[in-house]
Amino acid sequence: MTAVGERDAAPAAGPPGEEAKPAAVRAAMRWHQSSRSDRAWRRLLVGFGLTIPVLLVGIAALLAHGAWPALKKFGGGFLTGSQWDPVSDAFGGWPFVFGTLASSLIAVLIAVPLSIGLALFLTELAPRWLAAPIGFATELLAAIPSVVYGLWGIFVLVPFLRDWVETPLSDRLGGHLGIFEGPAYGPGLLSGGVILAIMIVPFVSAVSREVISAVPRAQREAALALGATRWETTWQIVLPFARAGLIGAVMLGLGRAIGETMAVTMVIGNTPQVPHSLFGPAYTMASVLANEFAEASGDVHRSALMLVALLLLGITLVINACARALVWHVNRGPGGSR
Amino acid sequence: MDAQPLQRPRTPIPTAAPVPPAQQPGPAALPTAIEARDFSFWYGANQALNGISLVIPDRRVTAFIGPSGCGKSTFLRSINRMNELIPGTRHQGDVTLRGESVYRGEVDVVGLRRRIGMVFQKSNPFPKSIYDNVAYGPRVNGLARKRADLDELVETSLRSAALWDEVSDRLHTSALGLSGGQQQRLCIARALAAQPDVLLMDEPASALDPIATQKIEELIYGLKQQYTIVIVTHNMQQAARVSDFTAFFYMGSLVEMGRTDLLFTTPKEDRTEAYITGRFG
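Taken in order, these protein sequences are the chains called A and B. If you count the first sequence from 1, position 113 lands on 113 in this note's numbering, and the numbers rise without skipping. Position in the second sequence (first residue = 1) + 1000 = this note's numbering.
Rather than coming from a laboratory, the hints here were simulated on the basis of the structure. A hint or two may mislead.
[Said to hold, decoys possible] Selected chain B positions facing chain A (Cβ under 7 Å, derived; list incomplete):
no., residue
1, Y1136
2, G1137
3, N1141
4, L1143
5, R1145
6, A1194
7, Q1195
Virtual Cβ for every residue (Gly too), placed ideally from N, Cα, C.
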């Protein structure tokens, strides 16, 4: 794209006698005769454009190289194996994959309704004097460092969840529903999911707010003029119109939740096992990398961690690809050939 | 869709019927659909309407003309209270629809808007199928309980909007695939399907080409048998062609309202004459 734009913008002045040549030849000559600074500029831009793909491929290659010994040793069993024992060099990554996906899923389940509700309140309902400070405060949440969330999680959120959510749920429903079973430790899958939820709310709600306020006023007016209530307008017109962008917002949140490291490490319990309930301690891929990489004892251990990192990268890429596909599909769906 | 009608036979000015002009009724002599009494409106500190009082007769086409920013659209949007969606607006005075106040405290705005259809300047179909667009009003208003009734209502509305023949074989495809003129007629069909009493049109043809404009004008002419139509237009020829009565707005005030044929031939006010002869605006 850049190159084409550059070509069009190239100076029109050429050597005398140029008029005699056909237009296509003249254009080609202009392309070759473009000034030196133009060419340098073009190369610079191409360089910028290539930075990110090159970086991505480089990271993937490095990880693949580092992970190769572990991949050779454990093969596909690494993904399903549940044992993580550096002492006997037995490594299976499933607890981490599970922990990452489960905590992120909990985060999304909590954060998405909250964020979209917040975005709807700010765009559709709240008077301006209220919407501005609330929106600002929400965005401030994004500026809090991850480790501060982690500390707050340890001292406030975890005890609160343990005493007011996990213990009652375990006492009342534990016997009937497996996911609420077992002792409420505090640090565990639920705590990790909740802290992630709080951390992704600013992102999901900011994007949702943008997307919802981008729905044309004419769409809302059309529905209201037909005698739809505000509720009907929001649910039947505004949200469907915004759905592709909202999916994007959710996927952005999911991506952040999957990659988040510090805060979740501080509250999830860091136990390499698949917990039998929501309250059990767990581990995520990002957390195990942060905790163990510096002290990885042997080559196999190090390589296994590389493989975890490669898996993490793969999962984020797959989720992003799914998001793209979903947005594309929704835009092409029956109602909306936008 | 023949392409001949660029020089269509000019629609005779509607009220120029056999009755001699002097004996024809003015707006006040006909049954009243909408009446404004000393209605003023503000956007924040800016006064957009300045004590408008007028009577819009039943089952006639009334056109609002005037230069940009004269308040004609604001007044139109005051009739179904669309303006109050904009924060910081306020009004004074009242508008009545068939004798009932539109603004008094206990009025149910949703119910009011169900009785008043509206067509906007830029066509705004929902990103849904053609069928679902037209069916939207009946669905939210609970007008058709059975699928067959709804099908029939959709067909009638599309026929009234002169769109049925063009879309009957693709009712379930996206409305966004239609041309601009078709989209605007779809919006008219969508407004009609809600079975309103009054149809408000805010420069419905200003974004359309001459042929599509002509179709809309013909449509308006046909619809006035059943509906009270109020149309805002920038185009004085259009006002002359489609309307029975014309109101000239200038700087937030109503300068003059009367029968279209008289207003365009013998305006009472100098400002009206200046505007319609093209001396300003």
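Right, here's what the structure says about each hint:
1. Y1136: This interface hint holds because 6 Å falls under the 7 Å limit.
2. G1137: Holds, because the Cβ-Cβ distance from G1137/B to chain A comes to roughly 4 Å (cut-off 7 Å).
3. N1141: 5 Å, holds
4. L1143: 10 Å, violated
5. R1145: This interface hint is violated because 17 Å lies over the 7 Å limit.
6. A1194: Hint holds; A1194/B Cβ to chain A Cβ min 5 Å, cut 7 Å.
7. Q1195: 10 Å, violated
Hint compliance for this structure: hints 4, 5 and 7 are not met, and every other hint is.
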